[in-house]
Amino acid sequence: MGARAAERRGWRYRGNVAARVLAGSLGAYGVASCLAMAVARLGAGGRIDGVIAGTLCAYLAVPAVAIWAFLARGPWRAWGGVVVLVAAFGAMAWMIGPPAR
Amino acid sequence: MSAIREGTRQVMAWLHGWTGLALGWVLFVMCLAGTMSVFKPEISRWMRPEATASAGRVEAIAAATSWLAANAPKSTGWYLTAPDDRANNVEATYDTGGDYVARALDPVSGAPVARETLGGEFFYRLHFELELPFPWGRWLASIAALTMLVALVTGIIAHRRIFRDFFTFRPRKGQRSWLDGHNALGVLAMPFHLMITFSGLVTLASLNMPWGIVANYGDDLAAAFHDLAPGAVDRPVAGRPATLAPIAPMLREAERRFGGAPFSRVAIANPGDAASVVTVYRSDAAQIGATTAEVSFDGPSGRVIGAWAEMRPAVGTYAVIYGLHMGRFANGLLRWLYFLGGAMLTLAVASGMILWVVKRRERAPLSLGNRIVERLNVGILVGAPIGFAAYLCANRLLPPGLADRAQLEVTVALDTAGLALLVALAVPPRLGWPLLLGVLALLCLAAPIVGNGLSYLAQALARGDFVLPVTDALLVAVAVAASVGVRTVTRRRSDTRRTMRGRAMA
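Residue numbers (our numbering), protein chains in the order written: chain A, 1 to 101; chain B, 1 to 506.
Keep in mind the hints are simulated off the structure, nothing from the lab. Given the structure is predicted, the values throughout are model-derived calculations rather than measurements. Heads up, the beta-carbon is just placed ideally off N, CA and C, and yes, glycines get one too. Don't take every hint at face value.
[To be verified] With the Cβ distance kept under 7 Å, some of the chain B side facing chain A (calculated, not the full set):
# : residue
1 : Val-11
2 : Leu-15
3 : Leu-149
4 : Val-153
5 : Ala-205
6 : Ala-215
Please take these sequences and the hints and turn them into a complete structure.
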């Protein structure tokens with residue numbers, strides 16, 4: 001039971017881990033969802049082609065963001081990355097707009 | 001491999017451990033049930049040993065529809081799967097005014113077979129619905145699959161030497177042995193593990209990742225499904241009764257349009273109505289992509305009212321990924337490789353869960369939380385297979401013709417597994433492991449024997465049917481493996497006792 005174990009019981013450490021867990025789960029799913037929307041609207045072939053491309057890309061984003069959430073230098077940076085990606089993909093989807101029928 | 005910093009690797013190992021623990025037990029049940037589902041038709045045949053009649057697929061579907069026309073005329077839909085070289089009965093799902101029922105129909109008479117059972121369908125449904133009501137089971141399965149994707153990727157990054165782990169196993173060294181085993185199981189079939197996890201997510205995509213659909217279709221789900229399967233003919237009920245035209249000519253016409261390829265499934269919407277639609281789907285047993293052609297007929301007249309063959313690259317990609325997960329295209333050796341890959345993933349999950357406890361026990365006495373993990377390991381890693389074996393025994397022991405027989409089998413499976421879990425939570429693991437492994441061995445030995453089992457075996461051998469004997473042999477193999485487990489656990493315990501006694505004497 002060294003200083004490290006004591007540190008692990010502290011609220012600072014627990015808050016740090018909790019923030020990263022949330023960024024790596026809900027945050028990762030949020031990034032994946034926005035990526036799915038952006039790629040779906042970007043998809044050139046047709047409405048359904050974009051949906052399929054977007055969905056397949058989205059799953060790859062989940063492990064990537066989850067790993068980022070725990071590798072980032074601090075919980076604030078972890079969430080910062082999530083927010084930047086959500087904003088970027090969300091803005092992309094919003095600017096392209098829904099496809100015409 | 002030193003491109004990755006040591007700190008990064010530690011973080012990955014930490015994340016791999018916790019993501020694995022979080023839903024490990026759910027993943028174990030999913031992987032085990034999924035592995036069994038590879039042989040879904042064969043398990044169904046083992047569980048219906050008297051129903052050995054066989055007929056061609058066209059004749060079998062014709063027999064099924066004439067029985068259904070007499071016994072379920074007011075149904076909203078009959079969904080039929082034709083027999084093929086793996087299954088001999090027609091698998092039917094239909095309603096008779098209330099809930100849908102699933103029955104195996106005799107290919108000659110068209111009537112439900114006497115030994116009413118879900119057969120292999122139980123494992124298939126459990127694999128992604130986890131015996132929970134819709135949509136919660138599929139949600140949990142999706143979350144578990146996403147977690148496994150993270151666990152797989154972090155497990156790979158955390159790894160120092162992928163190649164050397166192919167050949168590393170140091171037995172009887174406690175934590176080291178479990179780690180070597182876990183690594184070998186993970187590394188040897190790693191492409192399979194990644195493929196099956198990713199494609200599994202894709203099969204539930206409309207539930208777990210609907211945001212692409214939302215972006216391009218808003219809430220017009222019908223339009224999305226129409227674009228995905230443009231061949232589907234969906235028309236409202238006419239409200240006037242009508243009888244179906246003979247179905248055999250429709251089936252033959254569909255096969256002609258498939259270029260001679262066989263059909264596998266037939267859906268008949270509103271069969272007793274003037275607006276009934278018969279849709280015939282091409283079999284995907286000879287191609288990776290799942291169901292890529294269909295022909296629809298007007299029910300009362302038998303005229304073709306729609307036909308579609310999937311040629312679009314994006315949808316084709318989706319169909320191939322979906323088909324890779326279902327593995328229906330895999331025959332012969334490839335099917336056994338699917339089974340082996342699934343078994344290795346199941347064992348990788350199990351060994352990972354055990355490793356979690358072993359690693360911590362070798363460092364310090366287990367915390368309360370980890371002692372609970374240890375008992376849950378016993379209860380689920382052995383309890384789930386016990387439930388499955390009990391399901392097979394119940395199939396032999398419950399008399400045919402019993403009311404609600406199929407549901408009773410499932411109840412036996414779930415209750416036995418639940419009871420095993422309770423026992424595992426109540427007794428210390430050093431007792432729980434050998435006790436439950438022993439019960440598993442006995443149940444696996446009993447399943448081929450109880451309720452006339454041996455005479456079914458003799459009949460199958462006389463017919464030259466190898467599905468039943470091979471299944472029996474696999475059950476015996478599991479029994480042997482479980483007995484070896486009992487021996488190993490008890491011997492290791494007496495070894496430790498001996499060393500302790502030796503130490504005390506010195």
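Per-residue hint verdict: Ala-215 (chain B), partner chain A, C-beta under 7 Å
With a closest approach of 4 Å, the Ala-215 (chain B) hint holds.
Per-residue hint verdict: Val-11 (chain B), partner chain A, C-beta under 7 Å:
Since chain A brings a Cβ to about 5 Å from Val-11 (chain B), closer than 7 Å, the hint holds.
Status of the hint placing Val-153 (chain B) at chain A (closest C-beta pair under 7 Å)
holds (4 Å)
If you take the shortest Cβ to Cβ gap from Leu-149 (chain B) to chain A, is it below 7 Å?
For Leu-149 (chain B), the interface hint holds, since the closest Cβ of chain A sits about 5 Å away, which is under 7 Å.
Satisfaction of the Ala-205 (chain B) interface hint, Cβ to chain A closer than 7 Å
holds (5 Å)
Let's test the interface hint: is any C-beta of chain A closer than 7 Å to that of Leu-15 (chain B)?
holds (5 Å)
In this structure, none of the earlier numbered hints is contradicted; all agree with it.
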